[in-house]
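Colleague: Two chains, two frames, a set of hints: combine them into the complex.
Taken in sequence, the protein lines are chains A and B. Residue numbering for the first sequence follows this note's numbering, beginning at 1 and increasing consecutively. Residue numbering for the second sequence follows this note's numbering, beginning at 1 and increasing consecutively.
A hint or two may mislead.
Stated by the list, open to error - Here are the simulated lysine to any residue pairs, SDA-like style, with alpha carbons at most 25 Å apart:
1. Lys320/A - Thr362/A
2. Lys22/B - Tyr698/A
3. Lys752/A - Val28/B
4. Lys503/A - Gly612/A
5. Lys22/B - Asn748/A
6. Lys22/B - Pro758/A
7. Lys641/A - Asn692/A
8. Lys64/B - Gly747/A
9. Lys636/A - Leu26/B
10. Lys503/A - Thr536/A
11. Lys390/A - Cys205/B
12. Lys33/A - His74/A
13. Lys22/B - Gln690/A
14. Lys636/A - Asp27/B
15. Lys543/A - Lys464/A
16. Lys299/A - Thr362/A
Unchecked claim - Some, not all, of what chain A presents toward chain B, calculated at C-beta under 7 Å:
17. Gln441
18. Leu678
19. Pro684
20. Asn686
21. Asn692
22. Tyr731
23. Lys734
24. Gly747
25. Asn748
26. Val749
27. Phe751
28. Gln753
29. Met754
30. Ser755
31. Phe767
What the hints assert, rightly or not - If you want the footprint, here are the derived chain B segments under chain A, 3+ residues with CB under 8 Å:
32. 49-55
33. 60-73
34. 122-133
35. 196-203
Just so you know, the hints here were simulated from the structure itself, not pulled from any lab data. The C-beta atom is built at its ideal place from N, Cα and C for all residues, glycine as well.
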Amino acid sequence: MTYRITMLLLLVLCVSANLHAQKITISGYVTEKQGGETIPGAIVYVPGTSIGASVNTFGFYSITVPAADTIRLHAAYLGYTSRELRLVLKKDTTISFALEPAGMMKDVVVAGKKDAVQHRTLMSSIDLPIQTIKSLPAFLGEVDIMKAIQLLPGIQAGNEGSTGIYVRGGSPDQNLILLDGVPVYNSSHLFGFFSVFNADAIKSVEVIKGGFPARYGGRLSSVIDVNMKEGNKEKIHGEGGIGLIASRLTLEGPIQKGKSSFMVSGRRTYYDVLAQPFMKANMKAGYFFSDFNAKANFKLSRKDRLYVSGYFGNDKFYSKQKTNADGAALASTASTNLKWGNITAVGRWNHEFNNKLFGNVTAYYSQYNFSIFSRMQSTFSGASEDFLLKYSSGIHDRALKWDLDYLPSANHTIKTGVGYIYHTYKPGAMQTRIASSTQIQDTTVGTSNLNAGEVDAYVEDDIKVTDKLKINIGIHATGFAVSGQVFPSVQPRLGARYLLNDKVSLKASFVQMNQFIHLLSNSSIGLPTDLWVPVTRKIPVQKSYQGAAGVAYTLTEGLEVTVEGYYKTVENVIEYKEGASFFTSATNWEEKVEVGNGKSYGAEFFLQKKQGKVTGMLGYTLSKTTRQFDNLNQGKEFPYKFDRRHDLKIACVFAPTEKFEISADWVYGTGNALTLPLGYYYNPDNTLQQINSGRNTYRMPAYHRADISMKFTQQKKRGERAWIVSAYNVYNRKNPYYVYSSTNSSGNVVFKQMSLFPIIPSVSYQFKF
Amino acid sequence: MNNKCSGVLLAGILLLFASCEKEIQLDVEPHQAQLVINSTTITGEPLEVFVSKSVGMQEYNRNKNLNVPNATVIAKSGSGLTEQLMYNPATGSYTSTNNTNPGTQYTLTVSAQGLGTATASTHATSSVAIAQISRLRNVRLSAEGYAQDELKVVFDDPAGAGDYYIVGLHRVDSIPDTVMYAQCVNSVDPDIETISSEEMDNTTCLQPDAIFLRDQLFNGKRKELRLFVDSRYFSTAAPGTVFVHLSHVSEDFFRYYKSYLYATENTGNPFAEPINIYNNITNGRGVFSIMNTDIRVVE
Chain A
1 MTYRITMLLL LVLCVSANLH AQKITISGYV TEKQGGETIP GAIVYVPGTS IGASVNTFGF
61 YSITVPAADT IRLHAAYLGY TSRELRLVLK KDTTISFALE PAGMMKDVVV AGKKDAVQHR
121 TLMSSIDLPI QTIKSLPAFL GEVDIMKAIQ LLPGIQAGNE GSTGIYVRGG SPDQNLILLD
181 GVPVYNSSHL FGFFSVFNAD AIKSVEVIKG GFPARYGGRL SSVIDVNMKE GNKEKIHGEG
241 GIGLIASRLT LEGPIQKGKS SFMVSGRRTY YDVLAQPFMK ANMKAGYFFS DFNAKANFKL
301 SRKDRLYVSG YFGNDKFYSK QKTNADGAAL ASTASTNLKW GNITAVGRWN HEFNNKLFGN
361 VTAYYSQYNF SIFSRMQSTF SGASEDFLLK YSSGIHDRAL KWDLDYLPSA NHTIKTGVGY
421 IYHTYKPGAM QTRIASSTQI QDTTVGTSNL NAGEVDAYVE DDIKVTDKLK INIGIHATGF
481 AVSGQVFPSV QPRLGARYLL NDKVSLKASF VQMNQFIHLL SNSSIGLPTD LWVPVTRKIP
541 VQKSYQGAAG VAYTLTEGLE VTVEGYYKTV ENVIEYKEGA SFFTSATNWE EKVEVGNGKS
601 YGAEFFLQKK QGKVTGMLGY TLSKTTRQFD NLNQGKEFPY KFDRRHDLKI ACVFAPTEKF
661 EISADWVYGT GNALTLPLGY YYNPDNTLQQ INSGRNTYRM PAYHRADISM KFTQQKKRGE
721 RAWIVSAYNV YNRKNPYYVY SSTNSSGNVV FKQMSLFPII PSVSYQFKF
Chain B
1 MNNKCSGVLL AGILLLFASC EKEIQLDVEP HQAQLVINST TITGEPLEVF VSKSVGMQEY
61 NRNKNLNVPN ATVIAKSGSG LTEQLMYNPA TGSYTSTNNT NPGTQYTLTV SAQGLGTATA
121 STHATSSVAI AQISRLRNVR LSAEGYAQDE LKVVFDDPAG AGDYYIVGLH RVDSIPDTVM
181 YAQCVNSVDP DIETISSEEM DNTTCLQPDA IFLRDQLFNG KRKELRLFVD SRYFSTAAPG
241 TVFVHLSHVS EDFFRYYKSY LYATENTGNP FAEPINIYNN ITNGRGVFSI MNTDIRVVE
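This is chain B alone, in the form it adopts within the complex (with noise of 0.2 Å):
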């Protein structure tokens, strides 16, 4: 009998606090339309623009094809040269027939009907290669208690100011198609700027494939860059290959991407204020950057 008093009862509480759910209208203005421009074209090679557009909440549906195939997109380069660039319905995108040159300055104007017109501009990056790649097995225990590999990769930085870079690693195994990341990457290195701009120290865990680095304290110098590795990417028992990738970026790009990863890390965090990604679109979203990027094996 006390079972069922207390059964009856329990029950009751629950369902006082049984919370409900419905949907509801908002007034929330009607989203316009907008042009996506997305390209990240590699220096040296034709410009290939990828056009789309933007959708309101809630006109989104995930089968909806938002490609803009009819878009005028025209590609002038600092050296006076301007070019229609030519939609490709197999990639999807916009190709140029001229090659990118580094240093040079690039303004897209894409319009589409009923989406307007929209501008960008970024400047090629030239070409920067990793000097020199050289792993220091064993140098220290980390956080948890696992001895880390130092890998040191050293590059030019061109001179004047304005360099950022994005370097990255990666293990390709020797099983088919199989990519694997290091969980987390330490440095002490006051050249890096963490996703979130926070101040790092030796425990800091960074994003194997995406540290960020501007050169402030490195212009026109060889910057040696100083990473700790678990030891154990290294050696897994399956055989595979280390790469070590150097991107020479535009500063659109780098905080792009950096807005980009922080976002993408917060994303399903409850507590998260929403972020709206940066982007060097007028009148437009997305990101239009030409970049360079060398990749060498460690040995």
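Chain A extracted, bound-state conformation (with noise of 0.2 Å):
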């Protein structure tokens, strides 16, 4: 009996290893041809099987493939002209591609089957072409990559102009907004008028909104996954443009030609710059913001590369003004700045250990301040007096994470990691120094820095169960300590792909996210005095729980439709008291907000253009998104502020020739909810008191705008020229921003809405060498 199992087994290993031997593994990088970029999100497959891998975010591949006299392996990208090797193998291999990108051919192929929407694991998760971000309609001229994804379903816009996004009905703190894999706390400029990101510095924007697979961690309600160019490897290469309010300049080029690159963009506005001509002499006051991306990479060795970048942003406001009253002994000078804005630094090394396991290696420090500083000095009469009053508060992160690849057959592609983040948060502290004859006063207040560790480990497993069935099963655990305490969380995420034919699949998701901060915020706008707060005992970690369902079809090759129904729950989210907000007296962050739930559901329809003369999208929601408190709104659940039933929008670019094209875009959402005051009484002191409505139980009118947007392009020995001429708001909707009550000249009350932007036309100029 016992001779007989191990003949069995012997013949089973036997079997098991003469199947390994009849395999092969292919890897390699797929790259852009004209400038040795990596493309993530492309495919490799083998025509004919349902053998294909995705490229990661490095670029890099693994399939592994049955020997055969000859294989067809096939790489594809969107915008890029697939390209077709036949090879004979014998042992593993390295194969590498450089894909063309499809506007410099014609009669091209732009997409390979098996990239398209149906066959991909991953659902509620849209990449969204650069290119396709540069064509859109643009606001005053500047290309915004949040104002793009604020175009998708599921992603509102919260008010007129803001940057700001709310995915299927979570707050701007829950997403997880990562550049070159580094969290951005602050990912505006301007009052959130504008994104921190310049377009020309950006390679790929890949937005997930639902369904996270398992390497992502620590917010609730989407990733917006942002990387920069490499680099051209091959020759020097710049763009830029000249806008209304700003503008932009990107080198790019070989440190050493095939091996290594560089790349380098800035940003600045110049409103100050126009306005300082108007000031008095004895005035100086304005604002500015400004970028500055750079990023290289080395391929060190055949199988290690080491890139490095940095992202430096700023936003300041300045005055300085001098008085010297004639004849008078006074003099004084007082001057103020606000500043704020992010860093990032971030170095990584990969490592191809072997042709199925792939090694990343991440540092990366990340920072956001505000800070005000305001000094007045005076004499008079010879006695001086002097006023200094500095604020700061912020948060900054420094971390070490190590990401696994590992393919180790054609059905499986496990990705693992471990991480530690030290969070250092300062929840803002002022000092106020009085100097003068006759006394000396220097006051600090507030709460001291705040340390944090994160430790973060996950395990996914996309796995290949049938020809028609993928899923993807993971964990994400997460160690959240601070002030002697340690919050753990274990987070399953699970995702399944069903292929009804070649065009058509079903896919489901389930999700657990946790999220171990908090932003207070003070109106939904992204004023730089939004405030970072780590989980405490009194208020716990927000969790949600997602669970998503939809088709995928492809209609004819580029043009896809994406039909999702979502339910979400959120717990711990929390909400300023009735009354208090971030300039109300209480000084401890805590004392100031509620803890309580919420929930989310709808449908997302998306039907996606990507190839031909005209391209585009349509995107529609129906939704609904309430909170519920117990110390709010008498423990009823209300709307969300940015709950919005109905939201449409459609973006189309229209391009005939090469020497023009034309874009437009018109979007229409249901109306912010807003509490009204309903009426008056008298207190028992005879002063007035207002009745309010319940909480959120109004709408603001509905809100919907188009925008248009022309380009003019000429081809010149140097390089192209473009002038884009466009115009916000076209039809010069008044769009409500906030609505208030008001006594009009009879005495009676009425209600009024203030709008922001009227049609804005602009004119912009770029160019490319």
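Modeller: This is the structure in structure tokens:
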């Protein structure tokens, strides 16, 4: 009996070994032919089979195929000419593809079938090509990634002009915004009217709003994964633009041809420079924002690559005034600076251990700081007085991560990793100093810095169960330690795709997400005073559970439709107490907020045309989002401020020739929810008391707007020149920014709305060389 | 020329950002007028009740009188005494002929044509006198570096949980009708509740005319409340008198007054969420309370 079992086991092992012997692993990189940039998201597959793999963030792929006399290997990505190789392989090998952008060739296939939406396991995610973003109408001529993301279904803009996004009923703090894998804590400039991402420096944008793979964690509602360009490895190349409010310049090129490259990009507004000539000689005041992106990558060996990148962004208001009253002994100097901005710096080292195992070590630093400096120095009849006020708040992160991609067979893609983040929260400290001939007083008030440690680990496997069924199963574990307390969490993730036929698939997902930080925000417009704070005993960990199901369908090549439904619950979200805000006298933030729960459910329809002279997208969302807090609205459930029952967006780009392109978009959304005063009565002391409606019971008028843009391009000897003429809010819709009550001349109370932007035409000039 | 160009460009940019305001019609349900009952009667005195009505936002006019002079106001005491209060046109209030008694429960039923019937109940609080007031000079410095005196207010809390107090101080100057309040009072007393119910430390600015205490930790015991007050408040050049008042109030009034002050503190703050203040009137608005106040001079 034992003999038989032993023989059987030996037989199984022999067969198994034989099977392995008959398989070959092919690995390599997919890059852009002209500049050598990697193409994350590209697909490498064997036509006529279900064998294929996606290229990872660093352009690496690995697939295992049965040995055969001849193998056809196909690489494809949207916007690029797909490429096919016929290979005769006897052993594991490395094959890299260099794809050519489709615009450079006529009559090309720009996407392979395998990268179509119905084939991907991941649902609720959209790759937004940077070229599409750049083609859409831009506010004041400034191409904005976050505003392009707002055109996707399930993603809503908050207030007019704001770059903040509300994903499936979540708040802006619940979005993990990554730049080269580093969290960016404040992604907006100028109170949210512009985002910090300079489109010229960006290579790719991926938006995930549900069905999160296990490798992502730390936020409840979305992941916006933005990657900077690596730089052209072959030749120096540049592009730039001059707009109404800002100008920008990007340079990229090889450090060592074919092996290493750099990219630097800068942008700055110049309102302050334009306004200065109109100011009095004794006055200097202005505002500007600036961005600087830099990246370099080095091919250290055949198996090692190093990427180093950084972002430095600033917003600054400044004013300085000197007075010296004639004949009087009074002289004074008053200066005020408000400054806020992000810094990110990251180093990533890739190592290909073998053709099935790919590793990446990341070390990064991210900071967001806000500071106020105000000083008034005066002298009067020889006596001097000096008043100084300083305020600063912010958050700093230092992190080390190690990620591995392991592709053991054609049926598994395993990703795993561990990481540690050391957070330093600066909840706000204010120093006042008064120095005069009679007194010196120096006071600092505020909460001291708070440090927290976060350990993350994850493992996920993208498993091909059958030719039709693929599942992505994973787990993300976090331990967050702050103020002597540890908050552990284990978050399961599951996604599945079932291919009905080559054009249609069904998808479903269930995810749990945890968030260990909160954003104290005053107004939903992204003020620099918004404060990141960690979980505490009183303010617990935010949690969400999201289930989604949908259909993905490719009608014809390049024309995709997805329909998804979702149901999401959130726990431990915070809102300011009734009457409280950043400006109320309470000093401890924990005392200003209430903790509650919420839910959101809805259906999303998305149609995307990716090829042809006319490209574009249409998104519609029907949704409902509510919140419930024991101490707000008498404990009753109420609509979330940005609950939007209907949300429709259409964007279209028409490029009849290479010299002319026209684009337009139209957005419509149910008005924001608001609380209205309903009546008055008198208090015992005869003061007038307002009666308010239930929280967010009423709606502002609906929001709708159309934008249009035309681009005229000319090819010159030394590159490309383009004029872009665009108009924001073409039909001059007066959309409500906020609504308030006011007494008119007859003494009656009426409602008034404040609108922000009328029609805004703009013109900008772009160049490439 | 350059300046002209810059000027045109700047004007253009400013125009682009110019906001616009317009009157809009919102589909707001018409407000159903409600009875408003306000009474802050002093224990031992006759009930005095002000009856008015609420008015819809868009019907409100500052010149409109909202008093309701033709209401029927009936007071019923826990002892079984029922009395219809009479309207006094001179004061605009309804008053009883019987005095209120400490510890007695009172229920008001108010009805008026077109406004329905509203009811409210409260108990008349007992008299709690200030047993002792003392002041120690220059005991510490405030966060701003100014000298502060310690003011100790002592009183005896009656047995039985659920007593609520509002302590205040004000200064009356020799100049007629001049009342001055201290800007801030500090304390580390754990029985104090701030208006916003935030945690307190010795730098928290307490509103001097309304310091809220409940007897959870000193039920039935002698309470010594220590307050730190700016020394200059007691020693300005102009002669004046500083008074301490101790009000023994119902829980309803305690909650009403806290929410009222909290709402007042945030009036005009565009970022603050609107607040509906606490009221203890069923089918109406306002506050019904019978309280007791003791006032003493700080020597």
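Colleague: Would you pick out the hints that fail for this structure and give their numbers low to high?
Modeller: Structure breaks hints 1, 10, 15, 20, 22, 31, 34.
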